[in-house]
Every structure is written in structure tokens, then in C-alpha cells.
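Generate coordinates for the entire structure from the input sequences, incorporating the hints supplied.
This is what each chain is made of:
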Amino acid sequence: MIDLSVKLPGLNLKNPIMPASGCFGFGREYSQFYDLSELGAIMMKAATAEERFGNQTPRVAETASGMLNAIGLQNPGVKQIIANEVPFIAQYDTKIIANIAGSTMEEYEYVAEAFNEATDVDALELNISCPNVKEGGIQFGTDPAMAAMLTEKVKKVSRLPVYVKLSPNVTNIVDLATAIEAAGADGLSMINTITGMQIDLAKRQPLLANQVGGLSGPAIKPIAIRMIYEVYRHVSIPIIGMGGIQNAEDVLEFLLAGASAVAVGTANFQDPYICPKIINSLPEVLEKYGFHSVQEAIGKGHV
Amino acid sequence: MRQELCVIKSVQEIALDTYEMKIVNKHISEHAKPGQFLHISVDGFTLRRPISIANIDQVHEEITLVFKVFGQGTKRLASYQQEMTINVLGPNGNGFPINDRKKVLLIGGGVGVPPIHFLGKKLAEQQVELTTILGFQQKESVFYEAEFNQFSETIIVTNDGSYGEKGFVTDVLTQIDEFDHYYACGPVPMLMAVQKQLSDKQGFLSLEERMACGVGACFACVIPTKDRSGYRKICQDGPVFQAEEIIL
Chain A
1 MIDLSVKLPG LNLKNPIMPA SGCFGFGREY SQFYDLSELG AIMMKAATAE ERFGNQTPRV
61 AETASGMLNA IGLQNPGVKQ IIANEVPFIA QYDTKIIANI AGSTMEEYEY VAEAFNEATD
121 VDALELNISC PNVKEGGIQF GTDPAMAAML TEKVKKVSRL PVYVKLSPNV TNIVDLATAI
181 EAAGADGLSM INTITGMQID LAKRQPLLAN QVGGLSGPAI KPIAIRMIYE VYRHVSIPII
241 GMGGIQNAED VLEFLLAGAS AVAVGTANFQ DPYICPKIIN SLPEVLEKYG FHSVQEAIGK
301 GHV
Chain B
1 MRQELCVIKS VQEIALDTYE MKIVNKHISE HAKPGQFLHI SVDGFTLRRP ISIANIDQVH
61 EEITLVFKVF GQGTKRLASY QQEMTINVLG PNGNGFPIND RKKVLLIGGG VGVPPIHFLG
121 KKLAEQQVEL TTILGFQQKE SVFYEAEFNQ FSETIIVTND GSYGEKGFVT DVLTQIDEFD
181 HYYACGPVPM LMAVQKQLSD KQGFLSLEER MACGVGACFA CVIPTKDRSG YRKICQDGPV
241 FQAEEIIL
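Chains A and B, in that order, give the protein sequences. Residues 1 to 303 (this note's numbering) make up the first sequence, in order. Residues 1 to 248 (this note's numbering) make up the second sequence, in order.
Keep in mind that the hints were calculated from the coordinates and are not lab data. Glycine included, every Cβ here is placed at the ideal spot set by N, Cα and C. Just to be clear, a hint being listed does not mean it is correct.
As the list claims (entries may be wrong) - Facing chain A, according to a computed beta carbon distance under 7 Å, are these residues of chain B, among others:
no., residue
1, 46
2, 47
3, 210
4, 215
5, 216
6, 217
7, 219
8, 231
In C-alpha cells:
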């Protein structure tokens, strides 16, 4: 019997698989396909203080082995999410991670504080790395001092464990990660999308209305693995890994690099059943490579 | 909506860069309504491609799709052969409301013609009186004229005048007799012109947009609404909207 469970701050996960924020909405759509109780956790779409309409369209584009997106944090606002979305997911036997975003430090604090009232939420994911909004977001995520200050402020107001989502759009990911750990983060999630652009040949202009978008999918997996590998050696808080995961072999690779759990994003769009499929095949893959549990494989790719 | 495997029965180029693909699937043929689409997985590509339904033959469990080759994904799809199996999510979205209609105007532009064809066939079955305007870029792009003629008076318009009347679909609107509802699908500039010119009529517009999930989870395909309540999702709330509801 292969043990898939993982214990992380605030999150006793029955398995290490969760849909990534922004790729799963608030679970309703995918609940048509399978029982969400199969999932280790659900990372909800980002919440901001007020409703946000997001960017103009087109918001997505296909790329080689991946896609670009620039949604722009469209969401109904934290109060609506707590009132209407959290109770829906809470019907299922899975953990809820609330992704929070903002344009100012005050907005992050406001949203984090609001989630204190949502008793069904188990942890926060601090989105300091969204590349697709004009203010805030990524700025907080590329300057270690700013990221640390924001982490500290959110930790101060929140009752929940805080996982900080790192931007890969930095020269030194370790400096960022260690600063955030020192500021009191309970965990890290990495990586967010990598900024990119595609130009429409006929129109002679960037294809996405936002011009720049975030690259995701298998194209970025080696970058995610490298960054997790580097960060794992320098921090002692757990890492939730993400970036182009498509199957259970990819999950094991992330575990070996140092992730304790993983999120699946873009792959949900190709196959709505991808998360349960990965959960079902993970024991076999762990066994094949000589592991009896998820816990046992974490960080074992380091030499 | 379900994830289904469908066997390809035929693939045929029916006009310039325009392909008709017939696929077989019981569930979809039984449940799909005019205006809904299929979200098709194309091997080697990250994102599925949303393709509208042009016709359904329930007896043979056969779905007809018509699509235009725009980029690499649709090019690959057009290269698929008979007997191959494709992975499809569908039927997705909401169809055209079609109850209690008497006289209807159908407007299709280019790759927007296929869902209008499926709709026209259904309305004709309900004895609705139909008039259709189909717009294409040029003679080589024209398709389904004979199919529409079977159930509707049909006017063909080409932008360059190489076939039918010259101009845009909106140029011939004045020739049309009274009607109680209209339905349109086509490029955004066409829909904007139709929406403006027929603002005194009750109409429904079917939209297309680049999609990712196709089920309403990712917020990629959205359209602003006139009541300022924010965006609606094309894949989930649409692709059909009341004409007065949306800002194009």
C-alpha cells in the first residue's frame, strides 16, 4: 500500500494533487466531471478586495508545448467568493486554499483578513506573481524586500498558514525565497507563469489584448524543476510545486526536486479528468521507482 | 457536456480553406442543440479548438462540423483522416432559443454559417418561415448554398461581388420582408453592424473567441454586458446571447 498523504502547515492532504489557481475557477465546472473529494486540495481562483473584470480579449494563445494567458485576475471579489464559492467547495472532502491578490499592500491585508471569517478555508496562497495586472501583483513578487514586507503584513493579519507563490521572472529565485521564509511564510508555491508574448503576423501587433501574458504548460516544466531544486536547498519550509505537470511521472519529478505537493494547471484544459487520473496512477509510478510513500520521495533527486 | 470519443466518418474541403468533418457519436447526436459547440482535442496542441455544429443526423448518430483553417491547430485537424478517433468535450454552451417563432431572418458570415445551418434546419422542422443572408469574402469561400435553399429563401453576398450580391450582409437587409426574430453568427464587425441596424428587432448573436478550458473555469473567453454587470463567459453563458445584452 503506497501512502499518498502529506502533512503541510494547515493542510493534511490525502494526496499531493491539487488544481492550480486560475485553472479551475471555484470548482463548479469540473464537479460535472468527477467528485471533487478525490482531490488533495483545491487552489481557488485569485480573490481581490472588489470585483475585477480583468483584461480585454483575446486573453489566451497557443504556444509550442504550452499557452499564454492574460486574464487579469477577473473575480467577483472576496466577499462574494466567501459567500457563494467557498460553501460550494466545502461540500466536498478536500482542503481549500484561497489565492489572494491585490494592487496595494492594504488590499492584500484586507483580503487576507476577510478570509479569517471563512471557516472552511484551510490556507492562503499569496499571489505576488501575477504578470497580468497593471499594478501590484508581479512588482511585489520580484523585489525580495517588498515580498518579505508583504508576507509579514499578511501573516500578521491572517489566522491561516500562508503559502507565497513565487514569480519565476527574477534573476535569483533563492534570494526571493529566503527573504520570504525569513518574513514568516509557512510555505512556498512555485512557479507562477513566465512572461511572454506572441505577435499576430497578419495584424502586426501582439496577439493578446494585454500584449504580455504568462506562459504555462509543459514548456515551463524544466524551469520549474530547476527553480524548486535550487530553492529546496536553501529553505526549510515546504514547497507546493507547479509548472507544466501532465502525468504522475511529472509529479514524481517535482517531488524529487523538493516539492511536497503539486498543483496541476494548464493540463486541466486539455483533459478535465487529469487530476483524478494522476491521483490514480501515482501509486504505481512511486512503486516503480522504489518509493512507498509520497513523503519518502520529497527531495530525493538531490545529489 | 461530456468527454466523448468520436470516429471520423469523412473530411472534405468544401470551400477555400473550409472543411466539413463528419463524426459519429451517440451522446452528442442525441443532446446537441443548434448554437452549441464541441471542444476538440488536436494532438500536439495544448488547447482544444472550439468548433460549432453544422448539422446532426440523429438516425446515423452523425455530427457535421465545418471549420476554417486559421492556424496550425485547425490545419492539423483538417489533415485528419476517415476512421481516426477524436477526443471531444461537448456539447458545450447554450444553444439558440427557438420556441414560438413565426418569421425568422438568419444571417451567417463565413465560418459563422455552420451553426446558422443547424439552426435553420431545426426551425424549418417547426414550420417557421425563413429568410437567410449568407456573407462570404469571395466566390471560392461560398459553401452550403444548396443546403440552405432546401429550407429557406437564401441570399448570397460576397465582399468582392464575385458571387451573388456585392457587399456585406447588412447591405441587403432592406430587401428583407417583415420578420419577428433574427439570428446571426459571424465575424465581430459583421455582428456589430447587424446589431446596430436591427436594433429595433429581437435578435440573438452567436460569438466566437479564443478559449482555453471551454467549460467556464478559466475566464479566457468573455464579453462585456450592457448592464455593466461585468463580463459573461462565451463558452458557458453563451456562445449565444441576446443582441441587446452584449457590447461587441
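Verification of the supplied hints:
| no. | hint | result |
| --- | --- | --- |
| 1 | 46 | holds (5 Å) |
| 2 | 47 | holds (5 Å) |
| 3 | 210 | holds (5 Å) |
| 4 | 215 | holds (4 Å) |
| 5 | 216 | holds (5 Å) |
| 6 | 217 | holds (4 Å) |
| 7 | 219 | holds (5 Å) |
| 8 | 231 | holds (6 Å) |
Hint violations for this structure: none, all hints satisfied.
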